[in-house]
Amino acid sequence: MNPPNSFQQTSPAPSSPQKSPKGMWAFFAIIMIGAFVFTIYNVFFPDYQQQQLIKSGVPATAVILDADPTGNVYNAQPEVRLRLRVTPTDLPPYEAELEMIINPVYTPEFQPGKTVKVKYDKADPSKVAVEETETGQR
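Per my numbering, the sequence shown runs over residues 13 to 150.
Careful: at least some of the hints might be erroneous.
Stated by the list, open to error - Pairs of lysine to aspartate or glutamate, EDC-like flavour, derived with a Cα cap of 16 Å:
id, residue 1, residue 2
1, Lys134, Glu111
2, Lys67, Asp133
3, Lys67, Glu143
4, Lys126, Asp80
5, Lys126, Glu107
6, Lys126, Glu143
7, Lys129, Glu143
8, Lys129, Glu109
9, Lys126, Glu144
10, Lys67, Glu144
11, Lys129, Glu144
12, Lys134, Asp102
13, Lys126, Asp78
14, Lys139, Glu109
15, Lys129, Glu107
16, Lys139, Glu111
17, Lys139, Glu107
Treat the hints as calculated values from the structure; they're not laboratory data.
Please model the complete structure; the sequences and the hints are all you need to start from.
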């Protein structure tokens, strides 16, 4: 019988892979930056598109057929979904929908039956932006 060797080497216990704290923070930062960019894009890009359409679109008139709140409110100003009957000079009348933020003071100008000046995209007439109301409000 051999006496136990006090100098006998033992193999280290298998260790589970450790996740780097830096890697977790980098992943979290990427997720947060992505969420921020997504939010900014969804808030500002639709308004930018409407402004570009007002600058370069084809003018027409439209009658508001329906105005429904979307439930979104920005700086105490409601966002409204408008259904319009657009009457261009070079196309037959058609219906279009758009969402826009309306100052509560001008809510009476955006009621069904009211006429508004719009601009539409010649390449895609479904893209419409309200330029102004009968009284010149936007």
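Exercise. What hints, given by number in increasing order, does this structure fail?
Worked result: Hint 1 alone not satisfied by this model.
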